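J.: Sequence:
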Amino acid sequence: MTAPPQSHSATVDMAVDQEALLRGIADASLALLDIELNYAGAMDRCLGAVGSALSVDRVYVFEAHPNTAGTTCVSQRFEWSRDSIEPQIDNPELQDLPFEILGPWEATLRAGQHMAFVVADYPHKATRELLESQDIISILVLPIILHGELWGFIGFDDCTRPRRWRDAELAALSALGGATGAAIVRSRVHETVLEISAPLLQVWEGVIAVPLVGRLTPDRANRLIESVLGAIHGRDARDVLLDITGMSAIAPGELDMVLRTFRAARMLGARCALVGTSAVVAQAIVNADIDLASLSTHASLESGLAQILARRGLEVRRHA
1 MTAPPQSHSA TVDMAVDQEA LLRGIADASL ALLDIELNYA GAMDRCLGAV GSALSVDRVY
61 VFEAHPNTAG TTCVSQRFEW SRDSIEPQID NPELQDLPFE ILGPWEATLR AGQHMAFVVA
121 DYPHKATREL LESQDIISIL VLPIILHGEL WGFIGFDDCT RPRRWRDAEL AALSALGGAT
181 GAAIVRSRVH ETVLEISAPL LQVWEGVIAV PLVGRLTPDR ANRLIESVLG AIHGRDARDV
241 LLDITGMSAI APGELDMVLR TFRAARMLGA RCALVGTSAV VAQAIVNADI DLASLSTHAS
301 LESGLAQILA RRGLEVRRHA
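Residues 1 to 320 in full-length UniProt numbering are what the sequence shown spells out, letter by letter.
Calculated from the structure, these hints are not laboratory results.
Fair warning: there could be bad hints in the mix.
To be verified - Here are the simulated distance ranges between beta carbons:
| id | residue 1 | residue 2 | range |
| --- | --- | --- | --- |
| 1 | D135 | A288 | 14 to 24 Å |
| 2 | R110 | A279 | 31 to 41 Å |
| 3 | P87 | N67 | 17 to 27 Å |
| 4 | A126 | G41 | 44 to 54 Å |
| 5 | G253 | N67 | 31 to 41 Å |
| 6 | S75 | R266 | 50 to 60 Å |
| 7 | I89 | R223 | 14 to 24 Å |
| 8 | A182 | R223 | 33 to 43 Å |
Here the structure is a predicted model, which is why all the values come from computation and not from measurement.
Think of the CB as a built atom: it goes at the ideal place given N, C-alpha and C, for glycine as much as any other residue.
Whenever a hint applies, use it, and build me the whole structure from the sequences.
T.: Dropping the structure here:
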């Protein structure tokens, strides 16, 4: 299947500066390099860079996924829009939207083809009305392909004028779609690594240990807090041991994230302790001028667990 031709009735041939376009694509690609550190932030910067370069009004990413009934749907995940344009990221109609409502979009995008048209000329009524409700005058949609399968699409809205896209623009933006797909793959691999590198281990009744390996990024810290709070609530954990034996060093920002985890756990009535602290980490804690009264530390997981058991009136004895 080939992509539908662009509408040419009353369209404006936008002469986007090629240097600005290439610079925008380069900035967008650079933003995607940080996707492992901050997925949402990287995507926002990427969309903003290319949207500004193209002088469009919105740029967004939709993900294709099955709903509970097994129907293929699409949901908007990210969006950039100009200040004068109403954002659609919170539009409930753009969440769990059945792909079939968009007419031939699914088949066209799965074939790796783009869609570009003036909305008023589009023959599919349901799609046209949905786009007109967002004040879209002309639109470009490009597929995001992962491992040969359609993951979703990236779209560009012009809410000001009918627009005809040049071949050079389409080629550059198709490359961006490929880069976005590759970045999403990297992010998924990174998420898997994070899940493996921070498992929740129940080491005693009501006691969980969380071994941390590698750097503690903001995204990872948020995931850590969610996991710890879930364990406190779901497993009735009363004590949490954050084991940093696998972290060779700890930066001030990472210490702040650890303290956030401590505070979140305390709000649910649990105690937290930092175990596996090396001399380097201890020095970093001192240099950060942190209130040590709020930070319980132990040299090893064993000593941290021993203190918890002693508090419960139990004693740990070694067998000869």
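J.: For each hint, tell me whether it holds in the structure or not.
T.: Do the hints match the structure? See the list:
At about 50 Å, the beta-carbon gap between D135 and A288 misses the expected band of 14 to 24 Å. At roughly 57 Å, the beta-carbon separation of R110 and A279 lies outside the given 31 to 41 Å, and the hint is violated. Restraint check, P87 to N67: a C-beta distance of roughly 24 Å satisfies the suggested window 17 to 27 Å. For the pair A126 and G41, the supplied restraint of 44 to 54 Å is violated, since their beta-carbon distance comes to about 34 Å.
Remark: the range hint 31 to 41 Å for G253 to N67 is upheld by a beta-carbon distance near 39 Å. For S75 and R266, the hinted distance range of 50 to 60 Å is not satisfied, since their beta carbons lie about 35 Å from each other. Range check, I89 to R223: about 22 Å between beta-carbon atoms, so the 14 to 24 Å window is met. One distance hint, 33 to 43 Å for the beta-carbon pair A182 and R223, is violated here, with the actual separation near 22 Å.
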